[in-house]
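> In case you want the letters, here they are:
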Amino acid sequence: MARTDVQLMLDVKAGDEASFELLLRKYRTPLVNFLYRMVRDTAVAEDLAQEVFLRVYRAREDYAPSAKFTTWMFRIATNLALNSVRDNRHRRMEISMDESADPGEEDARPLEVADRTPSVEQELLSRSRAEMILRAIHSLPEKQRAAVLLHKYQELDYDEIARVLECSESALKSLLFRAYETLRVELAPLVSPTVRVERVPAQRSQQPV
Amino acid sequence: MFGKDVNESKCASIESKLIVYLDGRAQPAERHAVEQHLSICAACRSRAEEFRVLWGALDDLPSISPSPSFDAALRARIAAEPERRSFWQLMPSPRLAFAVTALVVMSVWLSSSPRVKVSPTQTSELNRFAQQASVDSDFGMIRDLPVLENFDVISKFDALSELNVAPAPPSDEGVRETR
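Residue numbers (my numbering), protein chains in the order written: chain A, 446 to 654; chain B, 88 to 266.
Honestly, the hints are just simulated from the structure, not real lab data. Be aware that a few hints might be false.
Claimed, not checked - With a cut-off of at most 30 Å between alpha-carbon atoms, the simulated DSS-like pairs for lysine-lysine come out as follows:
| no. | chain 1 | residue 1 | chain 2 | residue 2 |
| --- | --- | --- | --- | --- |
| 1 | A | Lys597 | B | Lys97 |
| 2 | A | Lys513 | A | Lys597 |
| 3 | A | Lys597 | B | Lys104 |
| 4 | A | Lys597 | A | Lys471 |
| 5 | A | Lys458 | A | Lys471 |
| 6 | A | Lys471 | A | Lys588 |
| 7 | A | Lys513 | A | Lys588 |
| 8 | B | Lys97 | A | Lys588 |
| 9 | B | Lys104 | A | Lys513 |
| 10 | B | Lys104 | A | Lys588 |
To be verified - Quick look at which bits of chain A chain B covers, simulated, 3 or more residues with Cβ under 8 Å:
| no. | region |
| --- | --- |
| 11 | 472 to 486 |
| 12 | 496 to 504 |
| 13 | 507 to 521 |
| 14 | 566 to 579 |
Glycine included, each C-beta is placed from N, C-alpha and C at the ideal position.
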């Protein structure tokens, strides 16, 4: 029977390095993606993800499972991401584009992402949708951004997300409502079928796949 | 107008429940309240539908993969961590650590033991008792020795006459022999 994350972490505490490898393999991609969507820089996201695992490893001897492992791990990740964003140390030149969050800007740079569609046009459309979504998410205030990412992409429970963000469940639900309401407006071309999707001019790609 | 205000306040009260409802995680009472409101409020119904479409659109955000060097970089950072040393590791030897601990424990115990004052009468009584206890203890120790089954032999030291022992040289100091 597969061990739970808590059991794996307790085994790490007991000195089992292989259990740490299992946790690493299970959570490195979700963590990197969460952090990338928070800070919009792959190098920074990887650096922060490694820092998360390092802190988990460092805390192994004192580990006491008072919450779910994912709650603990994403709390570390969220705090690191919020500090990084607020310190403004790892922002790139595209910050001005992020702050305006206007999909119509001419100097918008599309995100180069993994894409399985066969045609060039579809690929461009796919990239432009991804870029719009990423830009819209990044336009949210940090706490709303973290709430959406944890809710939509990490599928954490409400009580978990509330613990990560250190707020009540009712406050979290209000936070999520406001965040999705903002995204609904920002991504109106994608959400409302009557609005035409405008193709973003192809620029040099910034982020490796 | 009054009706509009009431409806708007109802819309506001539904907001926090809408996400949970669309998630499929609403409690029965919550689900009922939201469904009832959506059946009469076109604006909230439209919003709910757009939220569903939005969530579908958000799924278009692709995942990225960690770089091939991610694991190696993490291991290097872990390897560079200073080794954690416990109290016992700070001691040069285990014996010293034990001795230090024992000293600390004893001094704490001694300092916390109550001091009892004993009067001179009690002291002499205690001494007499201790002496008697000592004698009783000594007698008790030799009581069961097999050699004393024949106490008469021992008391007369007859057994010693059978030993071939060379006489001791005369002592210059004239030390008196005692039994």
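> Determine which of the earlier numbered hints do not hold for this structure and return their numbers in increasing order.
Those not satisfied come down to hint 13.
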